[in-house]
Amino acid sequence: MYDIKKIRNFSIVAHIDHGKSTLADRLLEHTRAVSAREVGEQMLDNMDLEKERGITIKARAVRFDYQADDGSTYSMNLIDTPGHVDFTYEVSRSLKACEGAILIVDATQGIQAQTLANAYLAIDNDLEIVPVINKIDLPSADIQGAKDELEEIIGIPADNAPEISAKMGINIKDVLERVVADVPAPTGDVNAPLKALIFDSFYDSYKGVIVYFRVNEGSIGVGDKVKMFHTGAVFELVEVGTMSAFSLEPRDRLYAGEVGYLTASIKNIADTKVGDTIVSADDPAPAPLPGFKKAMPMVFAGIYPADGAKYGDLKDAIEKLQLNDASFVFEPETSIALGFGFRCGFLGLLHMDVIEERLEREFNLDLITTAPSVIYEITLKNGQVVMIDNPTNYPAPEEIESTREPMVKASIITPPEYVGAVMELCQDRRGNFIDMKYIHTDRAELHYDMPLNEIVYDFFDSLKSRTRGYASLDYEPNGYQQSKLVKLDILLNGDIIDALSFIVHADKAYARARKICEKLKDHIPRQLFEIPVQAAIGGKIIARETVKAMRKDVLAKCYGGDITRKKKLLEKQKEGKKRMRTFGTVEVPQEAFMAVLKLDDE
Amino acid sequence: MSSIYVHIPFCVNKCPYCAFVSSDNFDDDELDFEYQRVKTDMLYASHLRPVAETVYFGGGTPPVIGISRLTGLLQYAREIFEIPVGAEITCEVNPKTVNYEFLKQMKEAGFNRLSIGVQSLNDESLKILGRIHDAEDAVKAFKEARKAGFDNISCDLMFALPNQTLEMVEADVRKMLELQPDHISLYPLSIEHGTFFYAANVQKADENTEYAMYKLICHLLKEAGYIHYEVSNYCLPGKESRHNINYWKGGEYIGCGHGSHSYAAGYRFNYTGYMEHITEKDAAEEKIMLGLRLAEGIEADEETAEKVKKYIDAGYAEYADGRLRLTEDGFWISNAIIGDILV
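Protein chains in written order, with the working numbering: chain A, 1 to 602; chain B, 1 to 343.
For reference, chain B alone in the conformation it holds in the complex (with noise of 0.2 Å):
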């Protein structure tokens, strides 16, 4: 399986957390030329991998580019990529940067995913990840989208934030849950090198306390039948990502645009030029690697379920019927269990 994912690096401001690709400061000309770019990156994907089963724009803020732009790139991935029936659309959009009109067109174009970046719906917490929008803001973008027939909605919401308490993070999902949205994603923070919270040393709930709050978390997405398919995504019954799930199974995927990397063809490559080869045991432990984020896990033999035989023991791993997943706990040091795999 091969996926297409479009970088858009621009947004109205640059979030204080934020470590992508992705600048507010640019014209129109930038604009035109990123547009071009793409197109470019597309046309020379489209010959090494002529069908894409799902398509992904992020970014930045894909939006800022403007609603003629928006369809204009994916009018032309459908010109020239062969994109199956009911293949999975997905766009990323900050609440602030649509609206009801905005969503019928991207709609009509044929977005048929919105990833929304709700973060928290505490305005406390908005203004001090530095959100362009409040939480009233983001409860209108997710209905509107609704309204414009958008049938698969994904919300980010983030948490171990500077002065969070666990009753916090319980009102974010509680009021994230009203809204009913079909997937979640769930993020700690993290305070990146070259971020401006790395400069300012902004510290981050204590580990004891995001530990608490993940497991919170858990419970209440799980009671209210959301599936924990990944160490930081949850879902309605069927409602996975099916553009992540390649990343996660050791898919091809292939980045158009300033910001975006690519795996295709035994290499893995970006836009600063870097390039690997990746072998066919490198292929393997990333398959390990990464199949261990999602839950359903890998399949293994017994020699290597008995190298994790402490986690095991432990309740951070399952090994049954030939595979090998972690649980909510193991998601959580799956460095650890890897390492010891791969050793």
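Chain A on its own, in the form it takes in the complex (with noise of 0.2 Å):
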């Protein structure tokens, strides 16, 4: 039965929307893994969020057998990556775990920034490529274009790239006869000491974490002890098996070259993180499979119930959260204008806008989020060095020498008349043109030197819109830069609302103020005196507003017609105060928060 030549493990990476779910699909649906009619829509994504968004968020892996044309049957693991440049680690682990990867290619859209990270990601795994040229159906689809694109950009050869369709169920079987053929065998020694590589892990309820891993060398089955080789944790094992499309299938050993799952009443996520090796605890393996990194957070924010009262409710689903999700990390913290709430640090802004949309929609959480901050490296004047994630926390002007903030290498993929509209986005957020290639004619890929800070206010949605979607965003992380940096305080009637600062660039301070004043104007309701929104660097003042005082609401008539109507406008009030926050004795309504986290009006 185990015949490690047999064994063909690939994954499938692809820019988002070209695809990759839905192959996947296919080639679970051909093998019969799984009927049509099973297929909800694109199986490999588990969560509610995932389908809507589209995107792949946790990794999650299937086994199933193929008989292909040359008369074998072929156990095949394909395992799926996230497909988001927050989740790079992510994938990289997952990419490790394989011999080989299909490289979807949209027909329509040629080769996007995502396309290209994932593919120089695959080869930097030594992963042999099969690329595969999708949504040929289409009447806008350019096969050709698309191949030269692979070649002349990728530099591999396409001319045998299966045309397919996904959607439409056309040459699938090309997909799996080309990557039986291409994709070579795991190599390992299965009488070697043990060592398994650990590309996902999750929360079950019933089982505790459930672990998806490689074995590399030697053999794991039911009962061994086992030790997590960068962590230390030690665990007797309840449960191996393979993963179906539908059900874990429980089995005795998995050995060297096979993809499968163990479980061990694991209580805590942090013990068996992606990258890790599993060894064997009595006879460990003397070196880890390389490559270990502990996934770290780039971005941070605060995260509060809107309702103060629902703190313990927050705390709660934060913790369950991060059961799933240890690249999610929080702390508690207080803030005077919010109260009780969590500093939490997350991976990227899509993985931010992951965690609070499933707070709120899983958990059915009301929840105010500050703006997101980086991490910015500050000498003092007496030689100290503090690393700073959140503004509350940022030193006194006068304590300042220098300020260093984190910068990453952007690539952005656009069609070229795009291409000033791109570069005067990129200029605005203070980006440093590194160089711009045309690719195959009908699109360009510019390359920004970039501050981090400016990418996760509301870069991505500029992006889109200035170029009416067309254009891609990768980003790696690039190290850290001088820079000009102050503190930007926003005082409500004379008070400064802590939540409400934010470290910017100095040159771009008095925009940001005045834009801010503007939009907090535009969003407090009048009260019962006039109230100056004010922003202040280091206690001067920068930008001022002011709301008005109110001055009537009431409904000069009254009488039996009107009522209903009275009391509609007062459920409307009613609604309104329930999500109003008071500080001092100001009250700011959630929405003012959320409308300074977006100031690109285009």
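It should be emphasised that the hints constitute simulated quantities derived from the structure, not laboratory data.
It should be emphasised that the depicted structure is a prediction, and the values quoted were computed from it without experimental measurement.
Glycine included, each C-beta is placed from N, C-alpha and C at the ideal position.
Check before you lean on any hint, since a few could be wrong.
Some chain A residues well away from chain B (every beta-carbon gap over 12 Å; in silico) [said to hold, decoys possible]:
(1) 236
(2) 288
(3) 401
(4) 525
(5) 562
(6) 587
Derived EDC-like pairs (lysine to aspartate or glutamate); straight-line CA-CA distance at most 16 Å [unchecked claim]:
(7) B:204 with B:182
(8) B:147 with B:182
(9) A:572 with B:282
(10) A:320 with A:331
(11) A:566 with B:182
(12) B:310 with A:530
(13) A:567 with B:123
(14) A:566 with B:301
(15) A:567 with B:285
(16) B:147 with B:207
Make one complex out of these two single chains by using the hints.
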């Protein structure tokens, strides 16, 4: 039964929306792992949110048998990967578990930023690339164009690339045949000490943490005592097995080259970190598999319950979410303005969006989120260096010797007609132009060195709106750079609202201060007194607006026929009140916090 | 307590700011049809609530249907409802639609209170408002009403009109006070959806001017001995509108005729077929919402008072002897205050 030569471990990489999940479904369907009837929309994406956004957040894996034209039956392990820049590390671990990758190119769109990023990631991991041209059924498909791009830009031969339509189920078998023919079988010694790579894990309320792994050397089975090389945690295995499309299928043992899962009543997902190596506890392999990194949060924001009384609920929800997402970190924090909440760290903006939405949707919470921040490096006059991820902790200007901020190398692919708009945006966001390449005449790839702080505001939304959705973005960390930073405080009625403070480049402080004051003025309802809305740097006011005092809101006439109308008005008022936070004497609706996060009006 | 409201949806001329149900395009058949309809509604109403402690004819302009129909409807109401002796029976009139003879017949039929739509005593303002009468007509109608025996007369006056100054408001009020009406309703112009003013984007006085006018009016009327007993209503002692106080105290009322609204037996309903069950909680909230329109305010516990502490501290509300009441300034922002209480 076990024959390492008849195993193919592969994943699918693509730009978002290029058809990765649809192809995965078709592959499973083709091999009858599931019947067409059972294929929901995009089976590999388990979470509702993923379905809605069409992105895969957490990797999943599935094993199925395929009877190839050569007469043999192959064990195929399809390992799905997340498709977004925020999850680059997770992608790389999933790829490490494979020998090959199907690279999908959408024939109507050609190569996009994440196609490139993921292709390079796969090549860096020594994977055999199986190019596939998708969406050939669409009238705007340019198959030859897509192939030319593959050869010119990525430098892989594309002549034999299957031309498919995952949606219509055209030429799916070709893909499987190419995987069998081109992707090498895994290698590994069944008798060597155990080395298995963790590429995903999630929390199940019945079995505890379920760990997905690939056996590189040796074997692993029920009852074995294993150790996580980096975390040092030791477990006795309760269950080992493989994953079918819909269920876990227990096995006694898995051997080198195979992909599977294990459970061991593991309570804490942090013990089983993605990228760690599973070794035998009794006879541990001397060295782990290479490449383990702790996932580093890059974006930070405060998350508070809109209703202060819901702090306990928020805490439970955040803890539950973290069970399944070790890359999401949090610690309690207190804001003078917002009360008790959490400082949360995310891999990137999308990750932050996803967490926020899950908290609101799955746990039915109303949240107030502060402006996202990155980690700044501040050198104080006394020589001390501090890392600041929360504007509240920003030192006073007179104590600061110098400031540095994290940079990223951003790669943007856009149709040529938007190059001007993209350059303008990047310039506006303090980007340093590196270079621009034309890809096959109808797309340009621009590289910029940019402060991460400019990307975490609303860069992605702005990019999309300025290019009518055509541009794509990818970025990777690129060290720290000296920068003129200041902390901007927002004052309502003379009091600093700590939750609205943020760190900004000195040259942009004035423009942003004015805009924030305007936005707040528009979103704060009139109150009993006139309320000044001010922005200040270190005590110096640089912008001011005024929320006028409430004058009249009463309905002058209220007789029989007016009562219903008046009641409706009050209902609205009541609803609004529930979403208010009181700062000193000023009431601020939740929308005001949201509004200051979206400053680009275009 | 239960009241009867009769809506007469006809006018000589539809005013450009008016959002009430009324038409200025009708013939005798329609008047007869509406006459019968009001009678039918009254009949139903009398089965639901046989006693009518106040009766109010509003509109529209009730005199437009003619004296015999007008007195006929009141006569019919007297036949089918039990209307206690001394009950308040009001009719709204436009100065141009009545004369001494007409008013005398109304008085004889049993109407004992008039609400005259004066709106302004400045001919320029009256023109802007599209009224069919001038200031002299209004003064004349008022004097004839007194002569016909009406000892309880209310006058409507509007302010915050386009191009109106504080001086004009003061002149209007002083001229009105010369007549010594028993009751005055004072409304700032509001530009309502669906009116000609709304469509034409007419600009009323700005909010600061409007507020200054309100304060001026409060001052002038107080000085003249009038009690500011509701957000928009002022009267000489003992001359409050009993019919309207019933609305503000959450009492029952049954509307008759096209354009009327009712609240009885736990339901609020109207001529469009709308019907809503008013739960005990709804009723309690409405009591607060409506009760705070009255100067006497509402019964309130310490906890409620605490919710509006900032308004009390700032002079918008007062809390004493277990009652919460809004001040002159508080009336003006009562939605915000009530909103805070009800959250």
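These are the hints, each one checked on the structure:
| no. | hint | in the structure |
| --- | --- | --- |
| 1 | 236 | holds, 55 Å |
| 2 | 288 | holds, 58 Å |
| 3 | 401 | holds, 45 Å |
| 4 | 525 | violated, 9 Å |
| 5 | 562 | violated, 9 Å |
| 6 | 587 | violated, 9 Å |
| 7 | B:204 with B:182 | violated, 28 Å |
| 8 | B:147 with B:182 | holds, 15 Å |
| 9 | A:572 with B:282 | holds, 15 Å |
| 10 | A:320 with A:331 | holds, 14 Å |
| 11 | A:566 with B:182 | violated, 28 Å |
| 12 | B:310 with A:530 | holds, 15 Å |
| 13 | A:567 with B:123 | violated, 37 Å |
| 14 | A:566 with B:301 | violated, 24 Å |
| 15 | A:567 with B:285 | holds, 9 Å |
| 16 | B:147 with B:207 | violated, 40 Å |
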